[in-house]
Amino acid sequence: MTSETPNEGGHKKPPIPTPAKKIPAVNIEKRGDRLYEVNSLHKWFAISSILFFVFTIGMVLADYSREWKTYQRNFNRLQIERTQKDLQQAAASLDRNKFQQLQQQLQQARAELQQNETQVERAQKPVNDRSARKYAVNQNYQFTKAVYDSQKYEYEEAVANKRSDAQRLGDRLKETEKKLDDYKAELERVDLDLRAANDELNKYIGKRNTIQKDIDTMLTDYTRLQARMNTLNPGLIVTSFRNAPVFDFMAPSERINQIIVNNLYNDQPFKAIPRVDRCTTCHQGIDQKGFQDAPQPFRTHPNLDLYINSASPHPMETFGCTTCHNGLDRATSFQNAGHMPRSEEQRKQWQQKYKWHEQEFLETPMYPMNNIEAGCYKCHNASPEVPKAAALNNGRDLIRIYGCFGCHKIPGYENIRKVGPDLSTVSGKLTKEWVRKWLANPKEFKSEARMPQFWWNDNNGGGAPPYDAAHWDKRNVAEINAITEYLWSKSQAKQLPPGHTGGNPAEGKNSPTRAVRFPCPGFTTG
Amino acid sequence: MFIKEFINAITAPYFLITAAGILLFVSLKYPGKFYTNRSALIVFSGMFLFLGLSVIDPNFRKIVTKPDNVPIVGMLFLIPFFTWFALREAVRNDQRTAEGKPLIEQEETADKVLTWPDLVYTELICMVVLTVILIGWSMTLEAPLEEPANPSASPNPSKAPWYFLGLQEMLVYFDPWLAGVVFPGLIIVGLMAIPYIDTNPKGNGYFTLKERKWEISTFLFGFLILWILLVILGTFLRGPNWNFFGPYEFWDIHKLEALVNVNLSEYIWVKALGMGLPKNPLIREFFGFVAVLTYLLAMPPLLARTLLKRFYNTLGPVRFHLMTFLLLAMMALPIKMVLRWLFNLKYIIGIPEYFFNI
Chain X
1 MTSETPNEGG HKKPPIPTPA KKIPAVNIEK RGDRLYEVNS LHKWFAISSI
51 LFFVFTIGMV LADYSREWKT YQRNFNRLQI ERTQKDLQQA AASLDRNKFQ
101 QLQQQLQQAR AELQQNETQV ERAQKPVNDR SARKYAVNQN YQFTKAVYDS
151 QKYEYEEAVA NKRSDAQRLG DRLKETEKKL DDYKAELERV DLDLRAANDE
201 LNKYIGKRNT IQKDIDTMLT DYTRLQARMN TLNPGLIVTS FRNAPVFDFM
251 APSERINQII VNNLYNDQPF KAIPRVDRCT TCHQGIDQKG FQDAPQPFRT
301 HPNLDLYINS ASPHPMETFG CTTCHNGLDR ATSFQNAGHM PRSEEQRKQW
351 QQKYKWHEQE FLETPMYPMN NIEAGCYKCH NASPEVPKAA ALNNGRDLIR
401 IYGCFGCHKI PGYENIRKVG PDLSTVSGKL TKEWVRKWLA NPKEFKSEAR
451 MPQFWWNDNN GGGAPPYDAA HWDKRNVAEI NAITEYLWSK SQAKQLPPGH
501 TGGNPAEGKN SPTRAVRFPC PGFTTG
Chain A
1 MFIKEFINAI TAPYFLITAA GILLFVSLKY PGKFYTNRSA LIVFSGMFLF
51 LGLSVIDPNF RKIVTKPDNV PIVGMLFLIP FFTWFALREA VRNDQRTAEG
101 KPLIEQEETA DKVLTWPDLV YTELICMVVL TVILIGWSMT LEAPLEEPAN
151 PSASPNPSKA PWYFLGLQEM LVYFDPWLAG VVFPGLIIVG LMAIPYIDTN
201 PKGNGYFTLK ERKWEISTFL FGFLILWILL VILGTFLRGP NWNFFGPYEF
251 WDIHKLEALV NVNLSEYIWV KALGMGLPKN PLIREFFGFV AVLTYLLAMP
301 PLLARTLLKR FYNTLGPVRF HLMTFLLLAM MALPIKMVLR WLFNLKYIIG
351 IPEYFFNI
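As you go down the protein sequences, you meet chains X and A in turn.
Here the working numbering is used: the first residue of the first sequence is 1, the next is one more, and so on.
Here the working numbering is used: the first residue of the second sequence is 1, the next is one more, and so on.
Looking at chain X on its own, in the form it has when it is part of the complex (with noise of 0.2 Å):
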């Protein structure tokens, strides 16, 4: 690592080691005297501005197509679908005779009022006029309280704060209440004229009113889905510019849905985070009865009275989705929820059709749903039977029954009998070939015998091949050996009580009791 040229030292300046008269550039008279040619410049702005173009619309489509957007947009166009059908219903089942007799007396009365047209709007003038009076006068009273209740204010603090002005605030206020008073008097006087003035005014216009109410009641469901329609489907301009990319940031109609949980927290360290549930983002027919049979993620929940409603034990106001059913509390995919198949066969079809994984990171995945009851114990678990939890009850009878606690930790089985029998004597008892065949398998000796089969599973010889029979057999029994021989070593002799130790017949003639058949084994008449 040796270099050519030395260091000059630091503080004198050596020249560029250059020829010492300047060097006119190359190319300079097309250049001028730029480094980089401005068109060659140009000419890549202009490709950077276009990709970047390219590059923002991509950005906000990928936003537009989102896949809880897409969902709304298709559960709109589904309830469209619906109410559409149910207006059609509702037109159907409209009594027609009745209603063109009513529309029919509506222009009959609409033409008798054609006639005395001078005297309606005879009787109209009044009305109209002591509207607008009672409108001032009411005005005026409204004003006048808004004073009142001010002074009153002033007034009452004076008193308490012993003021001099109290006094003149009192009689102040007193005026106010005067001026208050005058101004109701005369709104019920104007009121009273106004109602005689529409009493005038019923006897001409009175049975067309009648009718068209007639005509209302009869269309109320008609109207109320045509109005639902309307908001539905307020008409291609407002939705296309509500939820228009980049527009979409005002006032979309597509927006998450979520649920704050109370007092269920995300446990970070250092802070607990509250449960946001967004699944109502997506499952936007989850709490409205209709949609049993539209496709997932539109369905009814199976079960309203007893979940989601708010009359139910469980509203979805306060209790969410995660509470039951797990799941990444914020996600708006159905691969981040953390959705959880079933079977073999959803996983296949769910990896088909949204390229679903199982995500690695999820501390809570959802329950698949043939274990969904899991959730009820979060907060059932003191009861000893939840009710409508089948598969729960069962699953918790079957870990009481066989003893799983024996080994397992499970919350709430620790003070429990453990089921298996005391072997501190087994030498005593039994012989070591007994053992030996029973370990390898208990069934074979009883058949409703509680221990389980240890050896030759499917996962240690049982199973099929190709396994290594010789291999697993030879460990099997090597391993039920042992611990034969362990219980022996730890197992002391067994103080049988004395058993029968032979009698005397005759006696036993004699004995009332012989008719009896005593099963103590230590029942002696000697």
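Simulated from the structure, these hints should not be mistaken for lab results.
In this text the structure is predicted, and so the values were computed from the model without any measurement.
Do not rely on the hints blindly, as some may be mistaken.
[As the list claims (entries may be wrong)] What follows is a list of derived Cβ distance ranges for each label pair:
(1) X:Met250 x A:Gly180: 45 to 55 Å
(2) X:Arg417 x A:Glu5: 52 to 62 Å
(3) A:Gly180 x X:Asp458: 46 to 56 Å
(4) A:Val260 x X:His408: 37 to 47 Å
(5) X:Lys353 x A:Pro71: 27 to 37 Å
Where a beta carbon is used, it is the ideal one built from N, C-alpha and C, also for glycine.
With chain X fixed as given, assemble chain A onto it according to the hints.
Leaving out everything else, chain A in the frame of chain X:
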């Protein structure tokens, strides 16, 4: 299969670092042969070919295509490219100087570069292109989030941010107080000190290798071999428990490496002198202290008389000693690496009683 195993074997740290170091110095010795268009074509097409073929391997794909590792894969191409570009220009300039022709930079501009459009316009284009890349990147790759942080369960491998993986790799060879405190501090202080030590204005405003061969070689060794290569090693080749895994090897959490490293004191007292270790740590580590102090105190005057004599003459004693100290600190890493690889040397001075290990 055989090729994969071969590559797994030659990417082991001792081979990779040594080979890369040798390659770097050979290429700087014969720059005219290495920094040419043709060699760049061969190297880069070779790299693309390697990446393209290797991606077929599931273990390779799993690590290299992780969204976290995108910047480092980019670095794998960008750093060699810029190194090659600068050195190619330097080689060309040196050739021109030898032939008495003007430098490339002098041909490009008479004596100045305009702010507009030469600087600002190109900056604008760069900004637009980078924004495009960032938008495209964020659209195609989701943020690589893992499970919520849990103070009671650290992930394995537990890795620093990618740009600190060079530091983490140093921890293999040195104790935390050195690899985590002293060396990073010296890197920063040393980089800041360079303009005050190296006041040679040669190479200002133009590329050259011949006129600054020693400086460029030292810098490239420190930057490419002792930093970038360690980052790459730490990212792609260090798996669970910080064990080494070849690029096609599965990151098996149960892999074990035999820990058979011993201290210098054991080498001398136990193996050479055939006696037990002395109780007193100062006596026990006597030879280690001698070695380290010799390295730090005796080497500078020695170098001033021999190898770096011309620097002593031009820089003066103060700047020379500063430079040699920084240089010796930098060289401590490769020296310790070699000692570890060759002799399984754990510590030169090992006083765990006082957390003082070198």
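Each hint, compared with the structure:
Between Met250 (chain X) and Gly180 (chain A) the beta carbons are some 51 Å apart, a value that agrees with the proposed interval 45 to 55 Å. For the hinted restraint 52 to 62 Å between Arg417 (chain X) and Glu5 (chain A), the CB-CB distance of approximately 58 Å keeps it satisfied. A C-beta distance of roughly 51 Å is found between Gly180 (chain A) and Asp458 (chain X), which places it inside the suggested range of 46 to 56 Å. For Val260 (chain A) and His408 (chain X), the Cβ-Cβ distance of about 41 Å falls inside the hinted range of 37 to 47 Å, so the restraint holds.
For Lys353 (chain X) and Pro71 (chain A), the Cβ-Cβ distance of about 34 Å falls inside the hinted range of 27 to 37 Å, so the restraint holds.
Consistency with the previously given hints is maintained throughout, with no hint failing.
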